[in-house]
Structures are given as structure tokens and as C-alpha cells.
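Student: Construct the entire structure; sequences and hints are all you get.
Sequence lines, in order, name chains E and Y. For the first sequence, numbering that gives the first Met the number 0 assigns the number 0 to the initial residue and increments by one for each residue that follows. For the second sequence, numbering that gives the first Met the number 0 assigns the number 0 to the initial residue and increments by one for each residue that follows.
Keep in mind that the hints are not guaranteed to be accurate.
[What the hints assert, rightly or not] Think about it this way: if two alpha-carbon atoms lie no more than 25 Å apart in a straight line, the pair counts; the simulated DSS-like pairs of lysine-lysine are:
id	chain 1	residue 1	chain 2	residue 2
1	Y	Lys-142	Y	Lys-169
2	Y	Lys-347	Y	Lys-90
3	Y	Lys-142	Y	Lys-87
4	E	Lys-77	E	Lys-167
5	Y	Lys-90	E	Lys-1
6	Y	Lys-169	E	Lys-1
7	E	Lys-186	E	Lys-131
8	E	Lys-131	E	Lys-195
9	Y	Lys-173	Y	Lys-87
10	E	Lys-317	E	Lys-340
11	E	Lys-183	Y	Lys-142
12	Y	Lys-87	Y	Lys-273
13	E	Lys-1	Y	Lys-173
14	E	Lys-195	E	Lys-167
15	E	Lys-183	E	Lys-253
16	E	Lys-253	E	Lys-173
17	Y	Lys-173	Y	Lys-354
18	Y	Lys-162	E	Lys-1
19	Y	Lys-347	E	Lys-1
20	Y	Lys-202	Y	Lys-90
21	E	Lys-1	Y	Lys-87
[Stated by the list, open to error] Derived DEER-like restraints, expressed as beta-carbon distance ranges:
id	chain 1	residue 1	chain 2	residue 2	range
22	Y	Leu-34	E	Phe-357	47 to 57 Å
23	E	Ala-5	Y	Gly-196	36 to 46 Å
24	Y	Leu-73	E	Thr-252	54 to 64 Å
25	Y	Tyr-234	E	Gly-185	46 to 56 Å
26	Y	Ile-150	E	Val-27	23 to 33 Å
27	E	Glu-266	Y	Ser-49	38 to 48 Å
28	E	Ala-5	Y	Leu-334	24 to 34 Å
29	E	Glu-312	Y	Ile-58	45 to 55 Å
Keep in mind the hints are simulated off the structure, nothing from the lab. Note that the structure is predicted; figures quoted are calculated from it, not measured. Glycine residues also receive a C-beta, built at the ideal position from the N, C-alpha and C atoms.
In case you want the letters, here they are:
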Amino acid sequence: MKTYNAIMHTVYAIAVVGVIVFVAAGVVPDNLDEFPLEFEIGTDSEYPVTDSADLFRDNIRSALNENNVDYTVQVVQKSNSALIHEITPSNQEGDIDDSITEIENLALIDEDAIVVLKGADNKTLVQSMIMKESDEMSISIFTEIRIRNELRYDLMDIDLGISLLNDKGTVDYKILEGAPTTIKAGKSAALPVSLKVNMLNAMLTVMSGSDDSLDLILGIEISGKYFYGLAGASVYAEVNIDVFEGMPAISMTKTVTENRIEIKMDEKLDDFPIDLPEEINITVGDVDITIKNDDTDGLSLVAETDGTKTIVEALKEKYDSGDYGIEIEVEGTTETLELDKDSFAQLIEIMEAFMEAFA
Amino acid sequence: MSGTESTTLGQDLRFGSWGRGTVSAIVSLITIVVLPFVVLYFLEYFMEVSDVEGLEGLIESFGDMIYRFAIYGLPIVALAFFNKAYDKGSKAKLLFTLISLGYSLMWIYLIFEGGTMSVSLDLSSMVDEDFPVGAINLLLSIKGFIIIMYILILLKMVIAFTKYGSNRDKYMEKYNTARADREFKPSVNTTFREDLGKGSLGKGLLSVVVGLLVIVLIPYVLINYSELLLEKLDYEIDDEIVDFLAGLLYRFSYYGIPVVILGFFTHFYSAGNKAWLVFKTMSLAYMFVWVLMIFEMGDIVVPFESEILFEIEEYVITSYEIVLSVIIIILLYILFKLLAAVASFGRKRNGYLRKLEESADGNKHSD
Chain E
0 MKTYNAIMHT VYAIAVVGVI VFVAAGVVPD NLDEFPLEFE IGTDSEYPVT
50 DSADLFRDNI RSALNENNVD YTVQVVQKSN SALIHEITPS NQEGDIDDSI
100 TEIENLALID EDAIVVLKGA DNKTLVQSMI MKESDEMSIS IFTEIRIRNE
150 LRYDLMDIDL GISLLNDKGT VDYKILEGAP TTIKAGKSAA LPVSLKVNML
200 NAMLTVMSGS DDSLDLILGI EISGKYFYGL AGASVYAEVN IDVFEGMPAI
250 SMTKTVTENR IEIKMDEKLD DFPIDLPEEI NITVGDVDIT IKNDDTDGLS
300 LVAETDGTKT IVEALKEKYD SGDYGIEIEV EGTTETLELD KDSFAQLIEI
350 MEAFMEAFA
Chain Y
0 MSGTESTTLG QDLRFGSWGR GTVSAIVSLI TIVVLPFVVL YFLEYFMEVS
50 DVEGLEGLIE SFGDMIYRFA IYGLPIVALA FFNKAYDKGS KAKLLFTLIS
100 LGYSLMWIYL IFEGGTMSVS LDLSSMVDED FPVGAINLLL SIKGFIIIMY
150 ILILLKMVIA FTKYGSNRDK YMEKYNTARA DREFKPSVNT TFREDLGKGS
200 LGKGLLSVVV GLLVIVLIPY VLINYSELLL EKLDYEIDDE IVDFLAGLLY
250 RFSYYGIPVV ILGFFTHFYS AGNKAWLVFK TMSLAYMFVW VLMIFEMGDI
300 VVPFESEILF EIEEYVITSY EIVLSVIIII LLYILFKLLA AVASFGRKRN
350 GYLRKLEESA DGNKHSD
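Tutor: Below, the structure is given as C-alpha cells:
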């Protein structure tokens with residue numbers, strides 16, 4: 000028994016020392032001259048050749064401005080490093096236009112090609128964000144959060160989620176659902192941030208808040224695990240974005256029933272992230288949405304069904320049919336926009352939350 | 000001596016030491032309840048006087064954790080009494096060790112709220128106007144570590160059994176000796192004069208050697224070679240503090256010589272001997288005076304004594320008050336030791352007399 004006792008004490012002592020060493024090693028970085036974690040927001044300046052000319056122009060300009068370019072930048076094909084065109088500081092705008100023409104030519108030969116901006120020492124330029132192809136109803140932005148892990152253990156399942164909320168927190172519109180990433184010890188990794196904001200969803204989110212509020216809250220959640228998953232943390236922060244900064248005080252009235260939502264503002268809305276025409280008619284299945292925005296009557300949004308079903312029921316019916324298209328009529332022109340499945344599902348969620356809050 | 004082969008839990012429960020249990024409970028009370036509450040008090044004070052706007056949530060969460068540690072730790076204080084009161088190898092010790100460890104599982108769960116702790120920070124006043132962050136909620140999950148702690152506790156439970164098994168024989172020996180001592184009816188009693196002649200010179204001399212080393216030699220070296228030592232270490236201490244410490248050591252050493260001499264007698268005689276009780280009492284009584292003399296009857300001049308170390312509301316704590324608190328704690332400890340000595344004498348008297356009679360019988364037989 001004495002031997003067994005001695006063995007057990009030794010095992011216990013080794014276990015305790017092991018735990019202490021394990022924790023201490025995880026807290027103290029491998030290289031004391033470096034920060035344990037380094038963060039950087041930005042992504043390589045590379046674009047698919049199928050992007051529109053306007054998008055190319057905006058993204059290339061933004062890359063050149065952010066990098067304070069006073070040297071020649073090469074536009075090259077990513078796959079074979081073939082030079083497409085050079086952008087010189089002396090003729091920047093002209094060279095951008097010529098580059099776009101060359102890129103459009105390349106798209107005719109290889110529509111999957113990607114072009115990259117190379118700066119001094121043949122390094123790829125980095126820019127804070129890249130605008131992606133958007134339509135009348137949505138805005139897409141792409142960037143990356145680059146994290147360098149100087150700690151001794153891997154950072155596991157690092158995830159980022161971003162939501163839009165109204166000022167009461169009753170409506171939660173997810174605009175980014177991240178993919179968990181593991182960052183190995185001593186290595187860097189990039190967390191892709193691909194934001195796609197459906198403006199109809201965003202507008203409904205804003206308007207579902209308090210009567211006189213147009214506050215848009217950005218809910219950011221970052222989570223991850225450390226110590227081989229033994230410990231984890233999740234940080235959630237809310238950032239209040241004043242989308243309508245400088246606007247005079249507004250008065251908004253909302254009339255909400257199960258098959259009709261009416262939101263009225265006395266003032267015209269000029270400063271929404273996308274330009275609102277005087278009248279938009281949107282048809283989503285059996286739901287008709289009319290947005291009017293003019294100097295005389297101000298802004299109004301009416302969403303209604305024919306009365307035989309509720310708005311949520313009509314939207315669900317449409318969702319179940321597998322057709323996520325919505326018809327938009329602006330100034331006499333009608334076009335159909337395909338929402339993706341997730342955006343449509345979120346539209347239903349927003350409507351449900353809206354009903355819960357007001358009906 | 001005919002001994003019991005094994006004891007029952009009931010017998011073991013009656014065979015414990017009140018003194019050891021009490022000391023352990025007091026120490027646990029201080030470490031688990033008193034100190035955490037002192038820390039909490041300082042945290043609250045810190046929050047009041049410091050500009051920690053936005054971090055209140057973090058400090059409050061930390062304070063709540065300390066509070067849970069202290070409040071839910073109260074049963075551990077009570078269990079600490081029983082844990083220490085019994086000897087290794089006792090069934091009672093095994094029982095209370097298992098209860099303590101079992102409760103520790105729950106204690107850890109309660110302190111860390113099951114492994115998921117939430118902290119709210121309001122950084123609205125600290126952030127950039129362009130990026131107006133409101134509340135930040137931090138959710139910490141340490142469930143994995145809680146499982147590791149549980150595994151360590153379960154390992155301790157296994158150790159409790161192995162410890163019980165490996166100490167059982169030794170415990171039974173002690174139990175049987177104590178029982179024999181308790182049941183022993185001395186045929187004769189010894190007087191103080193008789194007891195004076197019965198001691199162990201070896202133990203007494205060893206005590207003198209240790210006493211001289213600790214009370215005389217080390218302080219002498221520190222007093223005379225401290226400057227050289229500080230120079231070698233390239234370390235500077237304020238002259239006022241050096242003089243204060245040197246004076247303290249000098250009085251510790253000079254007035255400590257009687258403690259060394261009395262130490263010879265307290266170790267020369269064994270507990271249960273009347274001479275031991277007399278010399279132990281004298282030694283502790285002198286120690287009481289010794290502490291007072293070291294600190295100059297409480298009139299000691301403490302460096303920077305007027306300097307306020309802490310100021311909490313209307314309370315002002317100076318270095319002199321800290322020294323005074325230390326003196327009071329030491330004196331209380333000496334008084335406690337005096338009571339323990341009297342109790343120990345009463346408990347061991349029978350054993351002492353039994354050994355005397357047994358050795359006298361042995362001598363008779365050998366004659």
C-alpha cells in the first residue's frame with residue numbers, strides 16, 4: 000500500500016505540475032519581443048475579371064489611394080503573372096481606364112481569371128475592403144481580418160459574426176456568418192469577412208426600432224477557443240451607426256397588423272446608403288411593398304397582402320416554393336432580382352420579429 | 000500492551016485533536032473568508048477612488064467571484080477542522096477528506112458559475128466618436144479547465160484511500176498507545192522534584208544548537224555583514240530601514256538568549272513531565288516578554304511611521320499600525336500555545352507515567 004500511495008502521490012504531483020506548466024506556457028508568448036496576437040484588417044487587391052468596369056475603377060482607385068502609390072503598379076493575371084497593364088503615377092486615371100479595357104478583353108478569353116495589383120518589389124497591394132458586384136437591392140463588401148498568433152497553442156474555431164439590429168434589439172438581421180478558422184501557433188491566418196447587405200432587410204430592420212429612431216446597431220461577435228479547446232471566449236459588442244447623421248429630428252408612425260404594415264415619416268429620406276427613387280413597388284409573392292419617398296409626403300413604406308393571409312404566411316409560402324425572386328418596379332421599369340435563400344429566410348425572420356414587436 | 004486490531008468509524012471519530020482542528024479552521028477562515036473579504040473591500044475602495052469608468056463590470060465580476068469563493072467556502076472552513084483534527088490512517092480522516100473533496104467539486108462549480116462566466120463592460124465613454132461601441136459582453140468558458148480540476152480532485156480522492164491504507168498501521172499503533180495511556184491507572188504519581196531528574200540530554204542539546212543558530216548566529220551575521228551583502232547584491236535600502244531592522248535583530252538576538260536556555264529544558268523533558276510543563280510555561284511567558292522587548296514595549300520607532308500606507312474613508316493605516324497588529328497577533332499566538340501546552344500536559348501525563356512504570360518494571364525484571 001505504501002508503494003501504491005507513493006505512486007499515486009507522484010502521479011498527482013506530475014499532473015499538478017503539468018497543468019501549471021501547460022497554463023503558464025499558454026499565457027507567455029514564445030517570442031517575448033512580439034505581441035501575442037497581431038490583428039490587421041485588409042485583403043489582397045485581387046479582382047475577378049467579370050466585375051463591372053465601375054467596380055474595377057472604384058476598387059483600383061481605393062487600393063492606390065490607401066497605399067499612397069507614387070510608383071508604377073502592375074496589373075497582372077494571378078494564375079501566370081502575365082502583365083496586363085501598368086498604372087503609372089503620372090497618368091493614373093488614363094492607365095486605370097486602359098487596364099479596365101485590357102481586363103475586359105481578358106474576360107472574353109478566360110472568364111474565371113483573376114487580376115492582381117502588384118506594387119514595389121512585386122508585392123501584392125493590400126486594401127481595407129473590396130466592393131463586390133452588387134445589385135439595386137444589395138451591397139457586397141469583402142475584406143479579411145488577418146491574425147498572427149505568437150502564442151504557443153493554436154487559436155481554434157475563431158469566428159466572426161455581424162448582425163444589424165434595431166435600437167430596441169428586437170430585430171436581428173445577420174449580415175455575416177463566419178466560417179470558423181484555426182490559427183496555428185506561430186502562424187498567420189485570415190478570417191474572411193464577406194458582408195452582403197440586403198437593403199430591404201436593412202431598411203425594415205431600421206424601421207422596426209423605436210418610433211422616432213432610425214438608429215442602426217451593428218452587433219459584432221468574435222469567438223474562439225484556446226488551450227486546445229479547454230477555454231474559450233466570446234466577445235459581443237454593439238456599435239451604434241448613425242446612418243442619418245445631421246438629419247433633422249424625424250417623427251415616424253407605424254401601423255402594424257398581421258397583413259399590413261405602414262410606416263410613415265413626414266420627411267423625405269435623402270441619406271440612405273442607396274439612393275431611394277420617388278416610388279418603388281416590390282412584389283414578394285403575395286406581398287406588395289410600396290416605398291414612396293418624396294418632398295411633399297415624406298417617406299412611406301406599406302407592405303400588405305390581399306387580406307386572405309398574413310404577411311409572414313405569404314412570405315413563407317414563397318420561401319417554401321423555392322423561388323426567391325422579387326419583382327422591383329422603379330419608375331415604370333420592372334425587373335426581377337433573385338435573393339439568395341439566406342437573405343429570403345432572414346426577410347421572414349425580420350418580419351416575424353417585426354410582428355412580435357408591434358402587432 | 001494488548002491493542003485493538005482495527006477501529007470502527009465511531010471510535011476514530013472520538014480520537015481527534017481539538018487543537019489541530021481549531022488551528023486549521025482558523026487558518027482556513029483567514030485564507031478562505033477573511034482575506035477575500037479584505038480584497039473585496041479594497042476592490043470596492045479602488046473602484047470608488049479610481050477612474051475605472053467602463054471597467055466596473057470587469058471588477059464587479061471579479062468581486063462576485065471572490066464573494067462566491069468566500070461564501071461558498073464556509074463549509075470548507077468547517078470541514079478543515081475535522082480534516083486536520085484526525086490523523087492519517089483514521090477512518091474519520093478518510094471520511095472528512097472525501098466529504099471535503101466532494102464539496103470542493105461543487106465549490107469550484109459555484110465559484111466559476113459552472114464554467115461559463117459573463118462580464119459586461121460599458122466602454123461608451125472611452126471610445127472613439129467614429130466607432131461608438133456601446134456595451135461589450137464577454138463570455139468566458141473554462142469548462143475544460145473545470146473538468147481538469149475535477150480530475151485532479153478525483154485523483155486526490157484516490158490518494159485519500161492510499162494514504163489511509165499506508166498509514167493505517169501507524170495510526171493503529173498510535174491509537175492503541177493513546178488508549179493504553181488513557182486506560183492506565185498509575186500506581187504512583189511523580190513529584191516535580193522526581194520529574195526534574197528524568198530527561199533526554201540529547202534532545203535538549205540539539206534544541207540549544209538550533210536555538211543558537213537561529214537566535215544568535217544568523218542575526219549576528221545579518222547585523223554585521225548586511226552592508227557587505229547589499230553591496231554585493233548591488234541593492235540599496237534606505238538607511239532608516241537598515242537601522243530599524245538592525246535594531247530589531249539585535250534585540251531579537253540579545254533578549255533571545257534566555258529562550259535558547261529555556262529551549263534546552265523544554266526539549267530535555269518530554270510532554271507529560273511536570274518539569275516540562277513548568278519550563279514550557281516559563282519559556283512561553285518569557286517569549287511574551289521577549290516580543291514586547293523586541294518591539295520596545297510597543298514604543299518602537301517605525302521608519303516612515305507617520306506616512307500613511309492606506310487611507311480608506313475615515314480609516315488611516317500607517318506602518319506603525321501594521322507593526323502593532325503584528326505584535327498583537329504574535330502575542331495572541333503565544334497565549335494560544337500556552338493553553339495548548341497545558342492541554343498537552345494533561346493528555347500526555349498518563350502516557351508519561353505509564354512509560355515510567357514500564358521502564359521501572361523492566362529494570363526490576365532485569366535485576
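Student: Are the hints correct? Go through all of them and say.
Tutor: Outcome of the hint check:
1. Proximity of Lys-142 (chain Y) to Lys-169 (chain Y) is assessed by CA-CA distance (about 41 Å); at most 25 Å being required, the pair is judged violated.
2. The straight-line distance between the Cα atoms of Lys-347 (chain Y) and Lys-90 (chain Y) is roughly 23 Å, inside the 25 Å bound, and the hint therefore holds.
3. Distance check on the hinted pair: Lys-142 (chain Y) and Lys-87 (chain Y) sit about 33 Å apart at the alpha-carbon level, beyond 25 Å; violated.
4. For the proposed pair Lys-77 (chain E) and Lys-167 (chain E), the alpha carbon gap of about 46 Å is over 25 Å, so the pair is violated.
5. A distance of roughly 17 Å separates the Cα atoms of Lys-90 (chain Y) and Lys-1 (chain E); the hinted pair therefore holds under the 25 Å criterion.
6. Between Lys-169 (chain Y) and Lys-1 (chain E) the alpha-carbon distance is near 12 Å, which keeps this suggested pair within the 25 Å criterion.
7. A threshold of 25 Å between alpha carbons decides the hint, and for Lys-186 (chain E) with Lys-131 (chain E) the separation of about 28 Å lies outside it, so the pair is violated.
8. Straight-line distance between C-alpha atoms of Lys-131 (chain E) and Lys-195 (chain E) comes to about 9 Å, which keeps the hinted pair within the 25 Å bound.
9. Between Lys-173 (chain Y) and Lys-87 (chain Y) the alpha-carbon distance is near 11 Å, which keeps this suggested pair within the 25 Å criterion.
10. Pair hint Lys-317 (chain E) plus Lys-340 (chain E) holds up; C-alpha atoms about 11 Å apart against a cutoff of 25 Å.
11. Distance check on the hinted pair: Lys-183 (chain E) and Lys-142 (chain Y) sit about 22 Å apart at the alpha-carbon level, within 25 Å; holds.
12. In summary, the hint linking Lys-87 (chain Y) to Lys-273 (chain Y) is not supported, as the alpha carbons are separated by about 29 Å, beyond the 25 Å threshold.
13. This hinted pair checks out: Lys-1 (chain E) and Lys-173 (chain Y) have alpha carbons roughly 18 Å apart, not beyond 25 Å.
14. Note on Lys-195 (chain E) and Lys-167 (chain E): the hinted pairing holds, with a Cα-Cα distance of about 23 Å set against a maximum of 25 Å.
15. Straight-line distance between C-alpha atoms of Lys-183 (chain E) and Lys-253 (chain E) comes to about 51 Å, which puts the hinted pair past the 25 Å bound.
16. The straight-line distance between the Cα atoms of Lys-253 (chain E) and Lys-173 (chain E) is roughly 24 Å, inside the 25 Å bound, and the hint therefore holds.
17. Taken as a hint, the Lys-173 (chain Y) and Lys-354 (chain Y) pair is honoured in the structure, with Cα atoms around 14 Å apart against an allowance of 25 Å.
18. Taking the CA atoms of Lys-162 (chain Y) and Lys-1 (chain E), the gap is near 8 Å; set against the 25 Å cutoff, the hint holds.
19. In summary, the hint linking Lys-347 (chain Y) to Lys-1 (chain E) is not supported, as the alpha carbons are separated by about 29 Å, beyond the 25 Å threshold.
20. Between Lys-202 (chain Y) and Lys-90 (chain Y) the CA atoms are separated by roughly 33 Å; this puts the pair beyond 25 Å, and the hint is violated.
21. Of the supplied pair hints, the one linking Lys-1 (chain E) and Lys-87 (chain Y) holds, its CA atoms being roughly 13 Å apart against a limit of 25 Å.
22. In this structure the supplied range 47 to 57 Å holds for Leu-34 (chain Y) paired with Phe-357 (chain E), their Cβ-Cβ distance being about 54 Å.
23. Checked against the hint of 36 to 46 Å, the pair Ala-5 (chain E) and Gly-196 (chain Y) passes, with Cβ atoms roughly 43 Å apart.
24. The hint said 54 to 64 Å for the Cβ distance between Leu-73 (chain Y) and Thr-252 (chain E), and at roughly 58 Å that hint holds.
25. With their beta carbons about 38 Å apart, Tyr-234 (chain Y) and Gly-185 (chain E) fall outside the hinted range of 46 to 56 Å.
26. A hinted range of 23 to 33 Å for the beta carbons of Ile-150 (chain Y) and Val-27 (chain E) is consistent with their spacing of about 24 Å.
27. Taking 38 to 48 Å as the suggested C-beta distance range, the pair Glu-266 (chain E) and Ser-49 (chain Y) conforms, at roughly 46 Å.
28. A hinted range of 24 to 34 Å for the beta carbons of Ala-5 (chain E) and Leu-334 (chain Y) is inconsistent with their spacing of about 40 Å.
29. At about 50 Å, the beta-carbon gap between Glu-312 (chain E) and Ile-58 (chain Y) stays in the expected band of 45 to 55 Å.
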